[in-house]
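Residue numbers (this note's numbering), protein chains in the order written: chain R, 1 to 391; chain P, 1 to 336.
Subject to a maximum C-alpha distance of 30 Å in a straight line, what follows is the list of computed DSBU-like cross-link-like pairs (lysine-lysine): (1) P:K312 x R:K77; (2) R:K319 x R:K118; (3) R:K381 x R:K54; (4) R:K54 x P:K312; (5) R:K31 x R:K344; (6) R:K281 x R:K381; (7) R:K319 x R:K281; (8) R:K118 x P:K312; (9) R:K380 x R:K281.
Computed Cβ-Cβ distance ranges for the label pairs, DEER-style: (10) P:G210 x R:N10: 36 to 44 Å; (11) P:G210 x R:D160: 53 to 61 Å; (12) P:E330 x R:F119: 21 to 29 Å; (13) R:K390 x P:Q332: 26 to 34 Å; (14) P:G225 x R:R99: 16 to 24 Å.
Cβ-to-Cβ under 8 Å is the rule here; a few derived chain P residues that face chain R: (15) E298; (16) A323; (17) R324.
Worth flagging that the hints you see were computed from the coordinates, not collected in a lab.
Model, not experiment: these values are computed from the prediction.
All C-beta atoms in this analysis are idealised placements derived from N, C-alpha and C, irrespective of residue type, glycine included.
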Amino acid sequence: MKANCWMGRNTVAVQDVPDPAILNRRDAIVKITSTAICGSDLHLLDGYVPTMQKGDVMGHEFMGEVIEVGDGVDSGKVRVGDRVVVPFPIACGACAACRMELYSVCENTNPNAGLAEKFFGHPTAGIFGYSHLTGGFAGGQAQYARVPFADVNPLKIESDLADEQVLFLSDILPTGFMGADMCDISSGDVVAVWGAGPVGQFAMDSARLLGADTIIAIDKEPYRLQMAAEQGYIPVNFEDVDVRSQLLELTGGRGPDKCIDAVGMEATHGSLPVYAYDRAKQATRAESDRPYALRQAIMSCRNGGVVSVIGVYGGFVDKFPAGAWMNRGLTLRTGQCHVQHYMKPLLDHIEKGRLDPTRVITHTMPLTQAPRGYDLFKHKKDNCEKVVLKP
Amino acid sequence: MASRSSPPGGGQASPARSTALPASQPAGRQQPAGRIPDPLTRGLGWASAALGVPQLVAPRWFNRFIGVGEAPRHQATTALVGVRELTAAAGLLGSENPVWLWARVAGDLMDLGLLGWSLASHDRQGWERTAAATAAVAGITGVDLYAAVTRSQRKSEMDLTAAVTVGTSPEEAYNQWRQLESLPQFMAHLDEVRPAGNGTTHWRASAPFGRSVEWDAEITEDVAGERIAWRSVGHPDVPNDGEVRFWPAPGGRGTEIHVTLRYWVPGGKLGKAVARYFGEDPHQQLDDDLRRFKQIVETGEVVRSDGAPWGKRARQEFPQHPARPLSEDELQEVRS
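With the rest of the complex left out, here is chain R:
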């Protein structure tokens, strides 16, 4: 089959690889009908996530048709012929974390738990196409994928919604929603979202759905800010203004009640010297992540507010404003999304028309053009917001 593979830093290539096969009794094989490039794939592309290997199949946002199931799969849950969306974290459904619906920290699905433990202190769940630290599972930017615990993870789509309407249930829509959900939004809340990429856009949509009064989008790309403004969110371009001052201005001096970091480890900064400082430290591995969005979110949030982090961090950051965080009583909430927890309610929102995930799609192209998709998305060419690939 054809698959988009990581071939080293800044290089992906569509290659012919073997078709996937059942390895565990509860596996299914899914014939992929739509897949997407995620912002976190760029962290892999850029070489900031350790334990990638040449030839790894990329991709963790995919959906398709079940064409084979292992003999241990519960046929009451999934059968050959089912149309399914596959969540990016692989969950076993049986461990303590899964029973608490903390699926992205499943205790059983990462065969490289010993490796992950060295990086993170405790291991996290297996993730498709997302380095060997998260298990070394082949990803979904391919024609077929092996899906472990097929009777736990995939969401069956029984309505006739188009792929584009449900594909993002695999990651970015639940991730954005969890960013807002962790904010415990109450009426009157001002929610500021760092990053107006696809996840940031969905975090804003979710904040509105959950009752936020005012939503502020912070980015530097005019087309992304424009996309947010069209939804009624207030754009703030961090290259033009001082973000904290602007947020105080917009909130009567209070600061946003809730702040969402939808940027993560490869942030940029409006001030060149500040950017150069962290960029140099990152290049020399003196820190692994550039935490501008996180620093700003903590410094900007109102006293006693919530900072919700859904942007991906991989290692260690420098100049973490612990004093502001502690003295002002901020709550920091984070996590890779527990997708399985959010899929069904979000599908309901889509079916009822309360969320329209298709609004972020700017490019659709064949899987064979994946390298071009990565180039457009990474360098924000052609107003690229979200790339969907068709195998």
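Assemble chain P onto chain R, guided by the hints.
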């Protein structure tokens, strides 16, 4: 997941737990079978005694026998050598500690020096006997050196402890573990466990550098739903014992499984260090073993990925197989 080394005799997770389970000292805490008297060490001990007694009791006669001077200072020297020999004899017969073999080597060198000096200043009377004694001591020095070098390569004790929590009752976890024949499903180094009659089991494991070790083991304690302890019997290459305890985790969180393993590893500390250098860290392996046990108990089988498709056989942590589907040949290997 927590695993750590503990000093010999340690391994109790906490005093509170120990009191909760008063009978928690397994038989495996004692010296395992497999320590037998060393004939060479004991032989050299008796040789020291046989030499030391006449040297101390009849130094004049002894000196005449080996053809050296009989002056009082010569006799006094011989008597002191006799005291040295008896001390070494007591040490070797008492403890078999190889330090006494090294003491013998040092004594031999001292004797060779004395005899050499004696030969150089000899009055020629009984010179042949002195020369013969010198040759005999030189030969014994060789034996002592051999014994000291070989007996110094002692087995060193390695204690491993690890713990994991699984979401079942202690009884279920115990029942799963008690099927000793299925331990190789999740324990990376175990190739086979099979019944060997008389309540013992035969174990076969792969050892560092492609070798394999086998031993028979007996269950020393077996309390349903609480504890299993075992130890090797006979004279295995790697004497070992082990214990696994099953405790209810607080608040209905399932069962805590605490494992203690002890090995007496050949090659001493050097052997351990070399094995670790080649990526065979026993702590990591025990942690991974317990993770696989948890996977079996909670999900029914060991979870595989494209990067780590070989289940417990994956020795190398990184780099692995790329995260891409396996070829037909690789699949056959995985399924074999």
